[in-house]
Each structure stands twice: as structure tokens, then as C-alpha cells.
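Protein chains: 4
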Amino acid sequence: MIIVLKQGASQSDIDGISEKLQNLGLKVHVSQGEERTIIGAIGDERILRETPLEAHPAVEKILPILKPFKLASRDFRADDSLISVGDQVIGGPKVAVMAGPCAVESREGLLTVARAVKKAGAGFLRGGAFKPRSSPYSFQGLGEEGLKYLAEAREETGLRVVTELMDPRDAELVNRYADLIQIGARNMSNFTLLKEVGKLRKPVLLKRGLSATVKELLMSAEYILSEGNHDVILCERGIRTFETDTRNTLDLSAVPLIKGMSHLPVVIDPSHGVGRADLVPAMCLAAIAAGADGLLVEVHPNPQEAVSDGPQSLRIEDFRELFPRLRSLAEVVGRAL
Amino acid sequence: MIIVLKQGASQSDIDGISEKLQNLGLKVHVSQGEERTIIGAIGDERILRETPLEAHPAVEKILPILKPFKLASRDFRADDSLISVGDQVIGGPKVAVMAGPCAVESREGLLTVARAVKKAGAGFLRGGAFKPRSSPYSFQGLGEEGLKYLAEAREETGLRVVTELMDPRDAELVNRYADLIQIGARNMSNFTLLKEVGKLRKPVLLKRGLSATVKELLMSAEYILSEGNHDVILCERGIRTFETDTRNTLDLSAVPLIKGMSHLPVVIDPSHGVGRADLVPAMCLAAIAAGADGLLVEVHPNPQEAVSDGPQSLRIEDFRELFPRLRSLAEVVGRAL
Amino acid sequence: MIIVLKQGASQSDIDGISEKLQNLGLKVHVSQGEERTIIGAIGDERILRETPLEAHPAVEKILPILKPFKLASRDFRADDSLISVGDQVIGGPKVAVMAGPCAVESREGLLTVARAVKKAGAGFLRGGAFKPRSSPYSFQGLGEEGLKYLAEAREETGLRVVTELMDPRDAELVNRYADLIQIGARNMSNFTLLKEVGKLRKPVLLKRGLSATVKELLMSAEYILSEGNHDVILCERGIRTFETDTRNTLDLSAVPLIKGMSHLPVVIDPSHGVGRADLVPAMCLAAIAAGADGLLVEVHPNPQEAVSDGPQSLRIEDFRELFPRLRSLAEVVGRAL
Amino acid sequence: MIIVLKQGASQSDIDGISEKLQNLGLKVHVSQGEERTIIGAIGDERILRETPLEAHPAVEKILPILKPFKLASRDFRADDSLISVGDQVIGGPKVAVMAGPCAVESREGLLTVARAVKKAGAGFLRGGAFKPRSSPYSFQGLGEEGLKYLAEAREETGLRVVTELMDPRDAELVNRYADLIQIGARNMSNFTLLKEVGKLRKPVLLKRGLSATVKELLMSAEYILSEGNHDVILCERGIRTFETDTRNTLDLSAVPLIKGMSHLPVVIDPSHGVGRADLVPAMCLAAIAAGADGLLVEVHPNPQEAVSDGPQSLRIEDFRELFPRLRSLAEVVGRAL
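Protein chains in written order, with the working numbering: chain R, 40 to 376; chain P, 40 to 376; chain D, 40 to 376; chain F, 40 to 376.
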């Protein structure tokens with residue numbers, strides 16, 4: 040950690056800060072430049088996080104040197120993490136395809152989609168039984184009934200089930216039915232929920248918040264990892280910007296960026312990322328080209344009747360047509376589908 | 040709701056959509072322009088929210104006419120809501136001042152601040168017993184112990200207590216100690232938590248999310264109101280932008296904007312809004328000038344030792360000096376402090 | 040255009056606004072809903088742009104129906120525009136590759152890169168003779184001398200030259216040397232400059248501004264088109280967001296989005312988009328997968344010595360290795376390189 | 040400047056970089072920590088700006104210590120700059136009020152506003168003769184004719200004239216008529232134009248770009264200052280965020296932030312900042328409370344007929360009513376109006 044002092048900081052300021060750092064067990068280097076004095080603190084700077092030196096009147100700014108996360112970092116683990124979800128592995132050469140409706144609406148509808156996406160080639164069925172909706176008057180999900188339909192669809196098709204957990208009090212319930220537990224974007228900084236899934240022994244799909252930096256996403260992953268659950272998959276699903284012709288701005292550069300910083304797999308959700316079905320196929324292709332370990336795609340038998348997120352859902356026939364194009368592209372970048 | 044059709048939409052598209060709207064009980068007006076056909080749907084367009092017409096292949100876009108919230112709206116209630124919190128009233132001529140440390144760290148420290156801010160003139164004591172921290176390795180709050188210290192400080196000083204609830208399972212506990220329950224910015228879209236405080240009969244301070252629009256803030260308030268809790272106070276605390284020299288960008292225009300759209304009181308948190316103690320006094324003054332119903336300000340006896348948010352905390356003497364300046368300004372804009 | 044009136048708008052407000060619209064030659068439909076009255080104006084709503092009905096006290100909001108641009112629109116021209124730049128065509132099956140240093144620094148350095156990118160397979164040489172630098176103390180470009188080196192490199196290699204114009208007074212000069220004139224992101228809304236290149240008969244590469252929506256980019260293209268220059272190529276180069284680990288956020292969804300709205304070709308600049316050489320190859324692949332018509336990539340013989348944008352420049356050997364990967368990927372999505 | 044090396048950087052990397060820095064005349068400190076080696080370079084780090092060490096394969100990141108601007112900095116000049124514009128002084132105890140229409144539309148209209156704002160108490164008349172409009176089909180301004188009307192209004196009322204320059208070729212023309220030359224937000228990074236006004240000896244009002252940080256605004260001021268024109272006034276006019284209910288987000292914290300970093304005066308434009316006349320009065324009051332040195336406000340005799348920015352213009356009677364409220368507030372914060 041580098042402490043930059045204000046112009047005109049006195050010797051007693053320098054001595055006071057240096058002493059404080061030494062008392063914390065850090066080694067200190069003071070460099071007096073022409074315009075500024077800077078103090079370097081060597082050692083585990085994480086212990087400094089509780090000591091807000093920035094509040095010192097002689098301090099201009101603090102420049103951290105180390106990353107604020109540890110278990111999620113490439114420094115901690117150099118090899119890519121491979122996460123097993125039933126018979127599927129995420130993070131290896133095979134690109135995982137997770138498809139299904141935004142919300143589980145009915146048993147029949149879900150089974151129709153499940154059979155179709157299975158036949159097309161997907162390995163995972165997505166579908167929400169608990170839905171975070173911006174309006175209290177909108178459909179909030181079928182709850183446990185929805186989870187049962189998902190389990191039934193898994194039984195029949197062999198697809199692995201991805202579904203969202205919103206309430207820490209439902210953790211056990213969702214854990215009973217899901218193969219992969221999704222933490223939605225709105226809950227990326229719901230630390231209560233993160234700790235709860237950290238205590239489970241079930242893989243977690245952690246979505247990036249609408250205004251979260253990649254570093255903050257990795258800090259949220261650290262919450263889960265530090266509780267002992269090592270099976271975390273990250274998901275980029277669009278960030279909020281000033282652009283209004285897409286629902287969000289899908290940040291595909293997050294894929295190689297995260298790959299450099301962390302060993303965890305990265306999945307892309309182009310459906311929420313752009314919010315428009317007509318742009319989803321191009322973004323699926325681009326995601327695989329960028330190196331994504333998986334796709335999370337909304338597919339609905341009749342998007343015009345979907346109770347949630349219809350405008351961004353692919354029709355079954357669109358998804359069926361898209362699949363071989365994704366496969367060819369995956370092969371050319373050294374992956375499989 | 041206005042449905043704009045794509046160029047080249049056929050008569051059967053127009054008829055199909057019109058029929059669908061009529062079946063939902065809406066009156067339909069079709070206008071054929073030179074370049075586009077538009078369909079107007081008259082009636083309660085909220086019932087359309089579950090019917091994603093945007094997914095129809097002939098639809099270019101949907102333009103909603105009505106606001107998505109109801110109970111939070113000025114249309115629903117023309118007069119300003121006055122929220123009683125113990126002997127204090129928020130939303131009337133008196134500007135509420137809520138001051139205290141970011142986190143409750145110790146009994147002694149809290150009592151010191153409580154006495155000081157009371158003496159300076161504040162009516163509320165703020166302090167977190169449960170802290171949402173971006174790192175799992177940072178101080179997470181004292182929990183119930185912290186709540187007890189807050190209650191003791193109230194006992195001694197008469198200040199009303201504002202404190203954050205993070206976990207729905209702690210709702211009863213926090214309700215026992217708090218006079219005003221804070222929902223933090225990271226939890227503005229934690230709908231599980233919103234419903235929980237909606238069931239309480241205790242005023243709620245709802246903070247705007249880092250990337251939430253004012254409309255979304257009002258939708259989150261609607262979650263609480265629709266559960267029967269009418270005592271909601273909104274709080275602007277800075278939004279996330281590209282600027283890096285302040286922690287967030289404090290959106291003071293949200294004050295008159297919300298006042299036009301809603302009857303609920305609006306409080307400003309300049310400490311999180313800018314994240315730097317040197318800018319807080321100017322922002323307190325500006326907030327009152329903009330019409331805010333209250334201020335939420337971090338004050339710490341020794342910001343350099345604060346375990347959380349030290350750089351943005353005012354020292355006790357800064358707060359004491361600031362208070363009379365706020366009072367004079369409040370008077371000149373027709374308020375009191 | 041739809042005019043939504045405020046609750047409580049009077050009949051005389053409705054009549055006054057209707058009359059005003061009719062006087063402008065528009066047909067008017069009034070719909071009285073339960074909560075709001077709306078007025079639809081049919082005809083060329085562009086004539087309304089000079090009449091700010093939103094300032095009318097009875098008007099709540101205005102919802103435009105038509106796009107604000109015309110010549111740039113897919114409605115105006117259904118087929119993709121093919122833009123010839125010398126012997127190269129942009130917008131057809133072949134993906135254009137434009138490579139070279141950020142700034143022209145020396146004759147020798149430029150020729151080295153030109154030969155290398157030509158040999159690797161590029162069709163265009165990029166390089167700035169006039170550089171927009173955020174500091175007045177940074178290298179500002181070689182000016183005409185740089186243009187001469189570019190011309191010499193074209194002479195020798197046959198590469199087409201792309202170079203930036205910053206000052207309307209240099210339009211003729213740059214026009215003499217360039218095959219494709221670049222308008223940089225900082226000048227996307229420099230309407231003086233847009234009109235100037237609109238008067239030339241030379242293709243223009245128009246970069247999206249850091250905070251410009253896709254619609255605003257198309258409006259800027261409209262400035263050039265409306266002056267009679269039909270050869271406009273759009274370039275997405277990253278938008279400004281809150282993320283700090285990349286220089287900008289590259290918005291690849293802009294490719295299919297623009298393709299739906301406009302007939303103009305779209306090129307991607309991943310170098311500025313992410314600002315880090317290690318992420319550029321993945322973003323080049325993703326751009327082609329997303330459907331981009333070209334790439335604009337910074338390549339430098341020795342990035343550590345580059346006077347501008349070194350950290351985001353590929354080394355010559357990186358570019359040489361990348362090229363065959365781009366070619367294989369282009370083929371699998373039905374393009375050539 | 041601090042250079043943080045990657046984990047695993049070799050001794051020869053360290054030596055190579057150190058030697059390079061020493062050759063540039065900098066003193067070097069190497070600190071080997073547990074996880075990272077860092078190199079501190081002491082001396083004028085501005086000479087490093089042309090040497091992109093970040094491109095070195097062993098470098099993880101560069102942390103600059105010094106601010107990138109010099110003449111605009113408080114370090115360079117500790118006292119507030121007072122800028123004389125005719126008989127008015129900006130930056131002293133008196134808050135400057137600049138009012139008038141967005142665009143000069145007609146002689147009669149301009150004179151009406153000029154007389155009204157003069158009578159209300161304003162010291163400056165604003166009005167654009169050259170208008171940057173996002174559509175090429177919108178009114179582009181009256182040009183020199185508009186400048187003449189402004190001069191006539193000055194003659195009659197004694198108000199100082201603020202008007203925008205867009206094209207470097209018009210610099211002399213605008214200089215002949217204006218008392219204060221405005222550089223609009225879209226041109227904040229039009230370095231060609233900045234250099235041009237830097238050569239004039241006329242005060243410049245420099246507006247912050249829609250997506251410019253405060254540091255970048257100060258860098259643009261540095262362009263003007265470094266050409267020898269010391270009379271620069273900064274203007275915050277709203278930045279672009281995700282919020283859509285206001286045109287922009289007015290960043291009032293920029294006022295105390297800039298005051299800490301620079302000696303230059305700061306003016307607020309609430310009209311563009313929020314884009315809605317109903318929010319402008321509250322933002323004017325808040326701006327003065329925040330410490331602004333002036334206001335730039337749009338006033339129009341009949342906003343419904345304004346050819347530009349009607350929805351954000353105050354009516355003359357609104358402005359007249361507002362003025363005494365501003366004056367009372369200014370007095371209570373130790374200023375005058």
C-alpha cells in the first residue's frame with residue numbers, strides 16, 4: 040500500500056503515520072519527492088483495511104497494491120477451476136449451454152421447453168421458481184411447485200437444473216431441487232445470501248450486479264469461497280449504462296479480464312445482457328469467441344405469452360437453428376459444445 | 040399504452056393485436072400514419088404487464104403511458120406524507136438530522152457521539168449493527184450487542200435510532216430496537232427484505248440503489264407500501280457513475296424530482312454520496328437548499344480509527360460547527376432544523 | 040408523436056394543443072383514458088422538433104414514434120451499403136482489417152509496421168498524424184509530415200490509409216492523403232467537422248463518442264449523409280462506464296443493433312474499447328462473431344516505446360499470430376478476411 | 040509514479056525498468072514485498088507520460104502520484120482566481136447570474152429577455168448564435184446576425200454577453216462580439232478549439248463534457264491556460280448517467296471538489312443539468328449553497344415556442360420570482376448576488 044501525503048505534510052505527520060504502520064507489523068519506506076512525500080507499506084496490506092488512513096488530515100490518497108480478494112484470485116490458484124454439476128463439467132473444453140424460460144410458468148410449458156432444448160443439445164435447464172420482479176404486482180414465481188416441475192423435467196430429460204435462490208430462508212428448499220443455485224444480479228451484494236450459499240455444498244452461479252465492477256464480482260465470490268464452498272461460477276449479464284436501445288450493455292471483455300484475474304469459470308447471459316431476442320444469437324456467438332465457459336439463454340415456447348421477459352426469449356425453433364452455428368464456432372476456437 | 044408496429048406490419052397483425060387487447064378489457068384505437076401504424080390501448084395498462092406484446096414479431100416498441108407505481112404516486116395522494124418517528128416528524132417543515140458513526144464499534148464510542156450530536160441539535164442517531172461490507176474479511180458489525188448500545192444511547196439522549204436491517208430473519212430483532220429501520224442501497228431490490236419490512240408497523244428508510252433510477256426506487260417503495268406499511272422515507276445516497284474522484288455522484292435533483300412524482304419524504308446522505316468528509320458540509324447545505332426533508336450524516340469521534348467509512352465521516356467538532364450554518368440556511372428556505 | 044397530458048388537463052388545453060398540431064399540417068387523434076388523455080399526431084413528426092410542446096404546462100411527456108434519422112435508416116435503404124475504399128470494399132462478405140500504430144511517430148517505424156501488417160494480411164494501414172491528447176504537454180502528432188509517411192507506406196505496400204481529421208481547416212490536407220478519413224470519438228458531436236467531411240467525396244470512418252447512444256451515433260452519421268457524402272462507416276470503440284479495469288466498455292451488441300437500424304457498415308476498435316493488449320485478441324474474435332464488418336487494431340513494433348497508447352497496442356508478432364485465428368473464425372460465420 | 044510488477048517478475052525485469060527510469064533522470068526506489076515488487080520513481084513524473092511502461096510484460100500497473108495538470112492546480116496557485124468580464128468579476132463574493140434564451144431566435148425576443156433579466160438582477164446575457172444540435176435538420180442558429188443582436192442587447196442593457204464558439208474559423212468573429220466565450224460540453228475535448236481560444240485574450244467559459252471526469256475538465260482548462268489565456272471559468276452542466284427522468288445528472292459535488300483541486304471559478308448550468316424547468320429553481324438554490332461562483336440559466340419569453348430547449352427554459356416571470364430567493368440564500372452563505 041502506498042500512502043501519498045499532501046503537499047506540506049510535516050515531519051511529525053510522516054513519523055506518526057510511519058509509526059502507526061510499523062505497529063501494525065508492516066515495513067515502511069519513506070520517499071521524499073519534489074512535490075509529494077510517499078510512504079510505502081510492505082506486508083499484508085489487508086490488515087490496513089480496518090485502519091482508514093485516508094481520514095488522516097495529511098494524507099492525500101491511498102493506492103492499494105494488492106487485489107482485495109484472495110481465494111478467487113489467479114495468484115491463489117494458477118489452473119482453471121473445473122466445476123462438476125452432476126455429469127456436466129463447467130470450465131473445461133466443453134461450453135455449457137443452459138437454456139429455458141425466464142420463469143417456470145406451468146408444468147406442461149416447462150416440459151415442452153426442456154424436451155426441446157435437450158434435443159437441440161443443451162446440458163442444463165434454466166427456469167425461475169422464485170422471481171425478483173421490479174413490480175410487487177407482477178407474477179412472483181410458483182415457488183416450490185415450480186421447483187418440483189424442474190425436478191420432474193430433470194428426471195425425464197437428464198438436464199441439470201439451474202434455478203435462483205432469493206431468500207436465505209429458502210436455501211435448504213432450493214438446495215434440495217437445484218443442481219446449480221443461481222444468485223441473481225440484484226443479490227450480488229446481498230452478503231447474507233452469499234454467506235448462506237457459502238455454507239452449502241452445491242455449485243453456485245453468481246451473477247454480476249448491474250453496476251458492479253469485475254473486482255466487486257470477485258469480492259462477492261470471495262464471500263462464498265471463504266465459507267468453504269469452492270464451486271463458484273461467475274456470470275456476466277450486462278451492466279447498466281446510458282444506452283437505452285438495449286436493456287443493458289453486455290460486457291464481453293469481462294470474459295478475458297476475469298480469466299486473467301481469477302481461476303473461476305465465466306458464463307454469459309446474453310438474454311438479460313441485451314434484452315432483445317433479435318440480438319441474442321449474435322451475442323451467443325460472440326460470447327463463445329470471447330472465451331466464455333457457458334451460455335445462459337432464455338427460450339420460451341411462445342414468448343408473446345411469457346409472464347416474464349418475453350421480449351428477450353428465443354423461440355424454440357430459433358434456439359434449435361442457433362445450436363449448430365454455436366457448435367461450429369466453438370470448434371474453431373478449440374472448444375466443444 | 041401505445042404499441043408502435045414495424046414498417047410493413049400486415050392488416051392481420053393489426054387485427055390480431057387489437058383483438059388480444061380487447062380480450063384483456065382494453066379499448067383500442069388504431070392510427071395508420073405514413074410510416075408507422077400505432078395502436079393505443081386505453082384502460083388499466085397494468086394488466087398488460089404480464090403480456091409481453093414486445094415479443095410479437097410485428098411490434099417495434101411499446102410506450103407505456105402510466106407510471107408503474109400507484110401507492111407511492113402523487114396521483115394517489117396529493118398531500119405530502121408526514122411520517123412520525125417517536126416524537127419526531129419527517130416530511131414537515133422541520134428538516135430531520137440523523138447523525139452518528141457508520142458502524143457501532145463500541146459502547147463508549149457510540150455514547151460519546153450520541154451525546155455530541157444531541158447537543159449539536161440532531162434528532163436521530165444513526166449507526167449500523169449489521170454492516171454490508173464488500174470484503175468478507177472486514178468487520179461485519181456487532182449484531183445484537185450493537186443494537187443494545189443504540190437503545191442505551193436513545194435512553195440517555197432521547198435521540199431516535201436509525202439502524203440497518205440486512206437479513207429478513209433479523210426483522211423482529213431489529214424492529215425491537217430501532218425507531219426507523221434502514222434498508223441499505225445494496226438491498227433496494229432485495230424484494231424478500233422489502234416484503235418483510237412491509238409487514239412491520241415501523242417506519243422504513245429506503246435507500247436508492249447505486250444504479251437505480253428514481254422510478255425503480257419508487258417501485259421498491261411500492262413493495263413496502265403494498266404490504267400495508269405506509270411509513271416509507273426515501274433516501275438518495277449517490278449513484279454510480281464514471282467519476283472516480285468522488286465515491287459516488289450525489290444526485291440532488293432527485294429531491295425535487297421525487298417531490299413531483301411522490302408524496303413520500305426524501306432524505307439525503309451526503310456521506311456516502313461523495314465519500315469524502317471535506318465535501319460533506321457543502322453537500323449538506325445544498326441538500327437543504329434543494330428541498331430535502333432530512334440529512335443522514337456520518338460523524339465519528341476519531342475518523343482515522345473508524346473501522347468503516349472513516350474517510351467520509353465528519354469529526355464531532357466539524358459537525359458542531361456545521362449545525363448553525365445548516366439552521367440559518369434552512370430558515371431562509373422556509374424550513375427549520 | 041404521442042402527447043401525454045397531465046392528470047387534470049382541461050378541455051381547452053386539449054383543444055389548444057390539437058389546433059396547434061393541425062396548423063402544422065398533422066392529423067390529430069385524441070384518446071381520453073381513465074387516468075390520462077393522450078393526443079396522437081400523425082404525419083411527419085420531424086416538423087414538430089422545432090415546437091417544444093413539452094414546455095406546455097398541461098403536457099406530461101412526449102413520446103416520439105419515428106426515428107430521428109432518415110438517410111442513415113434501414114427504412115430509407117433496406118440493403119447493406121457497400122463502401123469502396125480504393126480497391127477494398129467495406130460492408131460486404133470480406134471483413135476489413137485496419138492495423139497500425141496509434142500515432143505516426145517516425146518514417147522508419149511506420150514502414151516497419153506497414154510491411155508487417157500487410158504481410159500478415161491486413162488491407163488498411165491506420166495511424167494518426169493529428170492526435171487528440173488529453174494533456175497539452177503530450178505528443179500532438181507529426182502533422183503533414185506524418186501524412187506523407189502514410190502516403191509513402193501506401194505507395195510501397197498497397198495498403199489503404201485511414202487517418203484522423205481533427206480540425207476543419209485541415210480537411211483538404213487530410214483529404215489529399217487519406218483513403219478513409221477518421222472522425223474520432225471526441226469529435227462525434229463536433230458538428231462543424233461533420234459538415235466539413237460531409238462536403239468531401241471521400242469515405243468517412245465515424246467513431247462513436249464515449250457517452251453517445253447508438254441513436255446519437257446515427258444522428259451524427261446523418262449530418263455527413265445530409266451534406267451529400269454517402270460513404271459513412273460507423274465504428275464502435277468502447278463507451279464510458281463505471282468499470283475501471285478496462286479503459287472503456289466495448290459494446291459489441293452495438294453491431295447487431297446498428298445492423299437492424301441502419302444500412303451502414305460497422306467496424307470495431309477493440310484497442311480503444313478495452314485499452315489493454317492482453318484482452319484485444321479475444322475481442323477481435325468476438326467482434327467478427329458478432330457480425331462486425333471490420334476491425335481497427337493498434338499494432339506497434341515496440342509498444343513499450345510508443346508515444347501514445349502503448350499499453351493497448353499489439354506487438355507485430357501477436358498480430359501475425361492472431362490473423363489466421365481471425366480468418367478461421369470469419370469463415371465459420373460466413374465471412375472472409 | 041509507482042510501478043507495480045507482476046508476481047514472478049525477474050531480477051532482470053527489475054533492473055531493466057530501473058535503468059530506464061534512471062536514464063530519464065528519475066530517482067528509483069525498489070521495494071520487494073511478500074507478493075509484489077514495486078518500483079517508485081521520484082522526480083517529474085510527467086516526463087514518463089511518453090514512455091508507456093504499462094506495456095512492459097513484467098508490469099502489472101502504474102499508479103501516478105501527481106496530478107496531470109499544473110497551471111489549473113491549487114498547488115500552482117493557492118488563491119482563488121478572480122476573472123474580470125467587463126465590469127463584472129467572477130470568482131469573488133458576488134455570484135454571477137447569466138440568463139437568457141438557449142438560442143438567439145429573433146431581435147425582438149432577445150431584447151425582451153435581456154431587459155427582463157437585467158431588471159430582475161442578472162449581470163450577464165446568455166444566448167447562442169451558433170448552436171450544436173444533434174439533428175442536422177434542426178435550427179442551427181442565426182450566426183453573425185445573432186451576435187449582432189447580442190451586442191445590441193448589451194448596448195442597451197449593460198449586460199455582459201456569453202455566447203458559444205463552435206468552429207475555430209469563427210474565433211475572431213465571436214471574439215469581436217462576446218464578453219465571455221463559451222466552449223460547449225460537446226467540445227470540451229475539441230483540442231483544436233481549446234488551443235484557439237487559448238490564443239485569445241478573452242475570458243472563456245469551459246463546460247464539462249457529458250462523460251468527462253473533473254480531472255479531464257481540468258486537463259481541458261490546462262490546454263487553454265498553457266496557450267497563455269489565464270481567464271478560464273469552469274462550468275458543470277450535468278453528466279450522463281442511466282437516469283432517464285432528468286436529461287442529465289447535475290453533479291453539484293463538483294463545486295467543492297474543483298475548489299479543492301483548482302483555483303479557477305466554477306459556474307453551474309442547472310438548465311442543461313436537469314433539462315426540466317420545474318426542477319431548475321431548486322437546483323439554482325442548491326448550486327449557490329454548494330459554493331458555486333455563478334449560474335447559467337435558460338430564460339425564454341415563451342418556452343412553448345422556443346426553437347431549442349424549451350422544456351428546460353424558465354419563463355420570465357419564474358425567473359423574476361426566483362431571483363430574490365437566490366439573493367437571500369446567497370447572503371446566508373456569505374455571498375452576494
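Quick caveat, the hints were computed from the structure, so don't treat them as lab data.
Misleading hints may appear alongside valid ones.
[To be verified] No farther apart than 30 Å at their CA atoms in a straight line, the calculated lysine-lysine pairs in the DSBU-like style are these:
hint	chain 1	residue 1	chain 2	residue 2
1	P	LYS59	D	LYS133
2	P	LYS238	R	LYS187
3	F	LYS100	R	LYS254
4	F	LYS100	D	LYS187
5	P	LYS100	D	LYS187
6	F	LYS100	R	LYS109
This one's a predicted model, so the numbers in the text were calculated from it and none came from an experiment.
Hint check:
no.: 1; hint: P/LYS59 - D/LYS133; result: 45 Å, violated
no.: 2; hint: P/LYS238 - R/LYS187; result: 28 Å, holds
no.: 3; hint: F/LYS100 - R/LYS254; result: 15 Å, holds
no.: 4; hint: F/LYS100 - D/LYS187; result: 36 Å, violated
no.: 5; hint: P/LYS100 - D/LYS187; result: 50 Å, violated
no.: 6; hint: F/LYS100 - R/LYS109; result: 18 Å, holds
When held up to the earlier numbered hints, the structure conflicts with 1, 4 and 5 and fits the remainder.
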